[in-house]
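Participant: For reference, the chains in residue letters:
Number of protein chains: 2
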Amino acid sequence: MSDSLRDEVHQAARRAKVAATALATENRQRKDAVLRAMADALLDRAPEVLAANERDLAAGRAAGLTDALLDRLALTGSRLDGIAEGLRTVAGLPDPVGEVQRGSVLPNGLELRQVRVPMGVVGIVYEARPNVTVDAAGLTLKAGNAVLLRGSSSAEQSNSALVTVLRDALVANDFPADAVQLLPCADRASVQHLITARGLVDLVIPRGGAGLIDAVVRNATVPTIETGVGNCHVYVDRAAEFDVAREIVLNSKTRRPSVCNAAETLLVHAEVADKFVPEVVAALRERGVTVHGDERAVRLAEGVVPAVAEDWDTEYLSLDIALRVVDSLDEAVAHIAEHGSGHTEAVVSTDVRATRQFVARVDAAVVAVNASTAFTDGAEFGMGAEIGISTQKLHARGPMGLPELTSSKWVVWGEGHIRPAS
Amino acid sequence: MSDSLRDEVHQAARRAKVAATALATENRQRKDAVLRAMADALLDRAPEVLAANERDLAAGRAAGLTDALLDRLALTGSRLDGIAEGLRTVAGLPDPVGEVQRGSVLPNGLELRQVRVPMGVVGIVYEARPNVTVDAAGLTLKAGNAVLLRGSSSAEQSNSALVTVLRDALVANDFPADAVQLLPCADRASVQHLITARGLVDLVIPRGGAGLIDAVVRNATVPTIETGVGNCHVYVDRAAEFDVAREIVLNSKTRRPSVCNAAETLLVHAEVADKFVPEVVAALRERGVTVHGDERAVRLAEGVVPAVAEDWDTEYLSLDIALRVVDSLDEAVAHIAEHGSGHTEAVVSTDVRATRQFVARVDAAVVAVNASTAFTDGAEFGMGAEIGISTQKLHARGPMGLPELTSSKWVVWGEGHIRPAS
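Heads up: the sequence lines are chains A and B, in that order.
Its first residue numbered 1, the first sequence is counted upward by one per residue in UniProt numbering.
Its first residue numbered 1, the second sequence is counted upward by one per residue in UniProt numbering.
Treat the hints loosely; a few may be bogus.
[Stated by the list, open to error] Some but not every residue of chain B turned toward chain A, in silico, with C-beta under 10 Å:
id, residue
1, Q29
2, Q192
3, E247
4, T355
[To be verified] Here are a few chain A residues that sit away from chain B, every Cβ distance over 10 Å (derived from the structure):
id, residue
5, D32
6, G60
7, C185
8, T290
9, A385
Bear in mind the hints are in silico, worked out from the structure with no lab data behind them.
Quantities reported herein were computed from a predicted structural model and do not represent experimental measurements.
Just so it is clear, CB atoms sit at the ideal spot from N, CA and C, and this is done for glycine as well.
Next up, chain A with everything else stripped away, as it sits in the complex (with noise of 0.2 Å):
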């Protein structure tokens, strides 16, 4: 890896620090100001942002890049109009720094006082959506950080004019430019700069597919947050009813199958496969899904396509869902926890014992009794907005919003206090 790259990120490590410094003590109407002038700027200067996509378009079809990815990498008026309306939305959210966690006044007389303040220096690594620069821009912005965004090279001028009318709209408002950022995007290696600027980079928030996700957190040595992947379930219990069951599935599986909460595997009690199995095949055949089936759901259907082992570790992200039957709950929740990711689980049960049994020994971010995978959304969850959806431990679980993008800060105060020898 060339040095001078790493320099270059480093530097601008450095210098998002300073701005970071700068944006912690900034009020919250500044920081709202500063949001709608960056919406309004978007607005009024479309025709710059349009034609430097309209650029990357014609790369991409010169490369071959396949319709869908150019359709994600494109922008439109509607859809800038889109962006903006985010940017305006993060703005009306409460402000998270400041607020007092836990406080209490200690034996001794010390006031106590947990607060949030923000992270600090936020990297994004992400794929080619030229609306996460903006998205992730304005949410790491409200929650007092200055934000490091490493966005793909195929949306490159996309991603440098948004970040150049961002930035003209920060120093316009009086805050630093370096709040915000575009790292160099034609080589890998920036990647690697950016995840191991320990001391320089509080965190890093990889937005992708598999593949980058893993890269970046088993490369990284400032703390990450693992997103996104979901190997997403529905178990349909023997004391379900099928009509509920089979819409749960439904809207689980198609309402948009390319993103990380839609189901992948179906799940069916013994006890009510027999009439269950033959009308959700039926009911997903008909919206054009592939159903991989075990062995009793091949017989049970018609049209089931005999699954493979990888079936059941597969995020197909597409009109495919594999089927199994399970002989009890205990064999789903022990399904679950072998080929799950940690992302969203559901059950469709009339029965109390059964969903609550569910909910207590499924591991995962979401647990959705009686209602589809697809309601795990920042948006859905009253967060206004999402930066993520983790599917680690540490930290943050499930969608992400503006308190996932703070950190702490203990506050001691005293007259003079000093602590006893023991």
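On the provided structure of chain A, position chain B as indicated by the hints.
Facilitator: Coordinates of chain B only, in the frame set by chain A:
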């Protein structure tokens, strides 16, 4: 690294994961009962524990360990009493598991709750003190976790005897023995296998010197929490009362110089340096402290050793302190930002504005106003016990008690809710 050692560590982690699944749904009554049974068993079986400790001490003496290290390694009847009492204290603490952290009913009627759940499998890597074996096992168990203990080879016999007693108590109380396991310690590679066991280990906490902590954090691919390095400062403002300032400096430096919350650098505002520096240097020297001062300090007081650049970054952990005269609060804040380790920073001042500025602008786990740095401690903060002091910003910052050994889970209750297309 040998594959068989990796297999041994990973198999222990797999057994821990099975045990953790059972522990996750245990109630407080049963957890407290087994903690008390462990305390009783340690006292009942003191002779075999002390005999094992004697073997470690003999080996340590033969290997030429220093008296200080031998003292850290040594167990006595009264130390065992203290260790057992620690388990009873943990039994008396509230159970963090199941606590509802947030909860609401969403506009669509979904009931949403965020509840504390155990972290799962927690690894602890630590140095000589055998008491950590029991303290860490008690805290992790109370929070519903299985623990993998990786102690030092110099305490192998002691740790092994202690873990045998704890596991017997687990089994006698119908808990899985594998909730507490001691990993092989002869080969350093077992640490590496532990901290790279992704999917098997949820968290590793290193406890020990800076070298150990740095090695664990740098090489881990599982989440870690950085603990303990404390380059703590006391800043004496121009508005400080000298008596208060002197006592806080003396207590922060000399109460227990070898622990991480001890002060290592004193910063004095230039406006009061003429009077305060000679006074505080004399008081420090009287307590046997060597003062390493900048040019102005050397000029102002007798017996000040000229500081070199490294002094500002040194965690002495001894009767040494660095002393710098600063021209302003800004300069003090900047010095701390450059040299501090984010542990504990204290200000002594009667001025409201100065103290508020210091609190807002200094970025550390604990900021103390007119109080000794020595208060940074889980027991002092009312946590009952601590597993370490985090100096990172992710998940936990400052003293870590039982809640910091938990994660959370979102539970969503619906009645057949599906999410509309957007």
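Participant: Confirm or reject each hint.
Facilitator: Status of each hint after checking the structure:
no. : hint : verdict
1   : Q29  : violated, 16 Å
2   : Q192 : violated, 14 Å
3   : E247 : holds, 5 Å
4   : T355 : holds, 8 Å
5   : D32  : holds, 19 Å
6   : G60  : holds, 26 Å
7   : C185 : holds, 24 Å
8   : T290 : holds, 21 Å
9   : A385 : holds, 14 Å
Of the hints listed earlier, those the structure fails to meet are numbers 1 and 2, in rising order.
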